[in-house]
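Visitor: For the record, the sequence lines run as chains A and B.
Numbering-wise, the UniProt record's numbering puts 418 at position 418 of the first sequence, and it's gapless, one number per residue.
Numbering-wise, the UniProt record's numbering puts 631 at position 631 of the second sequence, and it's gapless, one number per residue.
Keep in mind that the hints are not guaranteed to be accurate.
Identical chains share a label here; the pair holds if one copy fits it or two copies do between them.
Quick list of in silico lysine-lysine cross-link-like pairs, BS3-like style, CA-CA up to 25 angstroms [to be verified]:
(1) Lys662 with Lys221
(2) Lys374 with Lys665
(3) Lys52 with Lys374
(4) Lys212 with Lys131
(5) Lys221 with Lys665
Derived by calculation from the structure, the hints in this document are not laboratory data.
Just so you know, these numbers come straight off a predicted model, no measurement behind them.
Protein chains: 2
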Amino acid sequence: MAGHPFDPLSASELEDATRLVRKSYGSDLKFNVVSLQEPRKTVMRAWLADPKSNPKPPRVADVVVIDNNATVHEGLVDLDQGKVLAWDKLEGEQPIITLEEQQKVEQICREDPEVIKQCEISGMLASDMHKIYCDTWVVGYDERWGISRRLQQALMYYRPTPDSFQYQYALDFCPLYDPDLEQIVHIDIPKVRRPLRKDVPPIGYTPADVQKLGGYRDDMKPIIISQPEGVSFSMNGRELSWQNWKMHVGFNYKEGIVLNNIRWKSRNESEDRGIFYRMSLAEMVVPYAEPEPPHHRKHAFDFGEYGAGYMTNSLALGCDCKGAIHYIDAEVPTRNGGVRLIENAICIHEEDSGILFKHTDFRDDSVVVTRGRKLVIQQIFTAANYEYAIQWIFHQDGTIQPEIKLTGILNTYVQAPGENCDWGTQVYPGVNAHFHQHLFCLRLDANIDDGPNTVYTSDTMASDEPVGSLKNPYGNAFFAKKTKLSTTGQAKTDYDAMTMRSWDIVNDSKINSSSGKPSSYKLVSREVPRLLPKEGSLVWKRAGFARHHVYVTKYRDDQLWPAGRHVPQTSGEPSRGLPEWIGDGSESVENEDVVLWHTFGLTHIPAPEDFPVMPAEPVTLLLRPRHFFDRNPALDVPPSYLTLPSQIEKGERTAAYDATDKMSKPAFGGEEKTIPIVGGGGGCCSKL
Amino acid sequence: MAGHPFDPLSASELEDATRLVRKSYGSDLKFNVVSLQEPRKTVMRAWLADPKSNPKPPRVADVVVIDNNATVHEGLVDLDQGKVLAWDKLEGEQPIITLEEQQKVEQICREDPEVIKQCEISGMLASDMHKIYCDTWVVGYDERWGISRRLQQALMYYRPTPDSFQYQYALDFCPLYDPDLEQIVHIDIPKVRRPLRKDVPPIGYTPADVQKLGGYRDDMKPIIISQPEGVSFSMNGRELSWQNWKMHVGFNYKEGIVLNNIRWKSRNESEDRGIFYRMSLAEMVVPYAEPEPPHHRKHAFDFGEYGAGYMTNSLALGCDCKGAIHYIDAEVPTRNGGVRLIENAICIHEEDSGILFKHTDFRDDSVVVTRGRKLVIQQIFTAANYEYAIQWIFHQDGTIQPEIKLTGILNTYVQAPGENCDWGTQVYPGVNAHFHQHLFCLRLDANIDDGPNTVYTSDTMASDEPVGSLKNPYGNAFFAKKTKLSTTGQAKTDYDAMTMRSWDIVNDSKINSSSGKPSSYKLVSREVPRLLPKEGSLVWKRAGFARHHVYVTKYRDDQLWPAGRHVPQTSGEPSRGLPEWIGDGSESVENEDVVLWHTFGLTHIPAPEDFPVMPAEPVTLLLRPRHFFDRNPALDVPPSYLTLPSQIEKGERTAAYDATDKMSKPAFGGEEKTIPIVGGGGGCCSKL
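If we strip away everything but chain A, and leave its shape as in the complex, we get (with noise of 0.2 angstroms):
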């Protein structure tokens, strides 16, 4: 084998797999997942730390099947010897959906005898059912039925024409689907009936529907953003280095990207320090706050019900990205045992990220400037309605910047005219958009200084000595209270704004040789809503991982997703994922390899400004290395300007470092002021 052990299984690798599965248990099973099962951590490390000597870890698939019974089997297939190591019946779990599977609803609903009557119900006439539509989710959970059969609910919409904006026109009803029947096996009805908006203008976001409100401006002229030279990045397979940086941009089907091994390498390879062992986004959970069955059901687990890698968008040049970019491509495997490339599913690229650092002598107006530079990693997927830009960000700094963006279309529900929502916002006459939550779990396995870690609290707060004591004459004594999180129980906490907590993920062994304090990242995170619904509320129960913002456990193999590995259905009685996981609380967590699990997002209470479409809303964290590095360790990134105290005393004429940019301009024209290098260098004093 070629590649690296991280590396997503190839086209040929998911073949092989399916071929394997096929000659022993049928041709015509139907491929729910075929996925890399990630390299066992201990091999893993063993073979990073010494290539040479220890064994290269094998290639195994992880595999789910349905076969025609709907019974669903799911097993390990090792690759490197071609054969089957493990295959088992799954009980009392259902597997995800897959895209192939949301499509088929459509059709099937636009003939069943059920939903066109009630489609007649609901004022459309039944030889207009290609114009029906349907946003398929999982059923989330439906006590009726529980986890015994498939079941998807079918969000109805209507198109007067193709082109025309689905989500102004929804309708009142919500057919189930048994995707292993293939057929609609029940229709939920409201008590009170709504019927479809056509009595409003439409809206959209055609070039049509632009036109009759005025076109399109004509006033943005063209930003051209290039690097003639290439790119500063270099990519050997899937192995990523840019600025001190390294690491193996991966990707599967459930989480898309995954970043291993992340590491600090200096130019001079003095330092190799690792930071994160992997770093995914791993789940998130998106309830809506509608009381009414069936809305209850709407509570999307993006990752765990439909996988962010196979909804991942191909990326286009020049749109989603622009400037110099890297794109890779993503295989996943069809129902029917194929192959489904998806081009461009991550792009990379660096950016400018405006000052890095800068300071002017008051004195003198000696001056550094220095520009930073970012790297960008990203994805986007596409569940139904929203779309999902992630991006994982790297500083020169040290800091990682996972930043989500939001945009795409509310999820709607039909309004009457009249009615009042408690639970939603009319965003468009007859249009109900229902408050929801948006909560995403980043999993970090930490790996500071290579371990073993502990994770501890930081609280901001006034000491405790009274204003005027001797220890506190004048009352302004404050610091950063370190709590240890010892075990899994203890590590169960919550964001606390009075102290603006933070997390020290830190390696008690590695001293900082300027502080005296142990090397750590921080996770810095305020965008960190609660979960609303209650506890004891379905939701509550089945997104586990969303009642506090930070979990920690110990690292074991295969426990890579807090709402468990089988998500749909889930009745979480018990709750499956880190609260089986964490049991009674008592494991230690304390000098351990150790997972750190944050819960974040925002929570959306909908207006007419994110209709018909939403301009994209940022969520962002950050992780910092704080006495990780004895210094500030961007301090050789190249300055822009930078002048000496003792050249402006003799009256030099030159800069001590001159890299300005020759290519900015003033916005008008006109003459560029050159920068003074006496008494000028972009400070505010000389000219006293």
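The hints should help you fit chain B onto chain A, whose structure is shown.
Guide: Coordinates of chain B only, in the frame set by chain A:
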């Protein structure tokens, strides 16, 4: 007068004002402030509404001077009429400290026998006094002298060579300087002495310093940003137009950038709507945590004690700003009545801001991708060791995003060998950086839909109905509770992370046609530390504005600065500014001309990564239109790429809209994959 009433005083107006004052009150006055008295709002609003029928507000200079007896006077000069309107002796208050006054201290310290003696005690040679440097701060408040005389405290540093990094070498004593006497009047000497740390290898950020660490990195390839067809904004004097935004860009000595009359004016002029009458950063305070006197005096009010305008940097094209940049100069008075020109005090430019919105239809991969743009109005000021880059960012979707990047150098103190400090971090051997906060006060003079306005808190919370009840059967109900802040007392409010509190500035008489809710702008701010010095502490008394995250007051002319007009040496008894204006809290702020004051910022627990120069740390917040527009206001931004379902169905080979950026390139060369119009406009499903 040809200029705009919001324009700062021009050089000739500054000269007129000083000439008129000197004529009346003597030629040897020292000028502390000569600045525009902002137009009275009633007169100004009338003129803005109908400049033909209503008088243009007069040009009035606000002047503060100090005479040879150290007596301070302040007055108003009508520049149209050429006469002094008011002239008063300032008693019980001290004016701002100017850069000129700060710069003088160093020379006087070098020659002061007592300072020389203390330097010798610290381990310096008396012959090395030219190696002494002072960062001179306002004394803050010291009860030994109170407000009776002007006092500055000199934080002492040493430079072995002129280009050495002084913040590595702090001295342990603190001279107090009287700028009126031009003398050192006292030296605060600690009980336990800490000699100068010459025992540690020097560090710094000059090329020579970096050379010792291995030299600059050489693997950063240039990124070129250009606008060959020019910029998309225009300037009429200081009135700026960009993408439906209109505003006036002002500047004063205290706040730096002041934005006035911020409006949304659509292309076809069907809308011309007020948002903010005035927006600025109005004050800040930086309390340090070390309780041992005299460190308690370190709590700089950088705006009120020194002036963010006075300390503003001249910005350099291609260093501070990249791309196509427009600059505006500033002119401020000198102590002797002259004019100091700050070239390029403000820069204005556009940036690509990534995806503005995107949606892919998972059925056929029909797609819209629209890239966004932001406008940045920036100022950078140097407050002795720290730099603050203040960006006022405007987005096409109606969002306003004030953002501050903090960089520069930590304030440092000497740390003795083996010493441990509970209130600071040893960021480098011998260098103690005390914990501190940066609390900024954003002043929003609200004008949502041309007022009057009311402020509400908005708290997302679960329904009161229990899980399993008729109204909340599955427990998922939640909503945003709105609480009207009717009086100034009720409006003293704080962030609540449990509810992700935001604040809505509402025009209750302007109802959104889509939602039926009133027009508003929402303040979304998460970087909101509490003032950590305790209630009753010196800082708590002096920085009354920082006790709560939000205050609302009824607009009054001249209530601009929340710690008061003259901040130096205030005792906080009584607290000046906001606490005075609010009084007993009974005044109505419901449906009034209201001003919202918001304190935000960060608590900085330093680490070695912040030394010797700090990587820029951003603090940001959002002002978002909610129910202000009846749809996404950026819907008419031309897409990069748009395809229609009907096109894909017909197999057309062209997009409905294609403005793909053809200058973008693959990072490592090779073929660009063209966007396939049929089945794959960025989507995920066409290849199933």
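Visitor: The structure should be examined with respect to each hint, and the outcome stated for every one.
Guide: Now the hints, each set against the structure:
Taking identical chains as interchangeable, the C-alpha atoms of Lys662 and Lys221 lie at most 25 angstroms apart whether they share a chain (21 angstroms) or sit on different chains (14 angstroms). Taking the shortest Cα distances, Lys374 and Lys665 sit within 25 angstroms of each other both inside one copy (23 angstroms) and across copies (18 angstroms). In this homomeric assembly, Lys52 and Lys374 never come within 25 angstroms of each other (Cα to Cα): the closest approach is 34 angstroms inside a single copy and 51 angstroms across copies. Taking identical chains as interchangeable, the C-alpha atoms of Lys212 and Lys131 lie at most 25 angstroms apart only when both belong to the same chain, with a minimum of 23 angstroms there against 71 angstroms between chains.
In the homo-oligomer, the alpha carbons of Lys221 and Lys665 lie at most 25 angstroms apart both inside one protomer (15 angstroms) and across protomers (20 angstroms), since each shortest distance falls under that limit.
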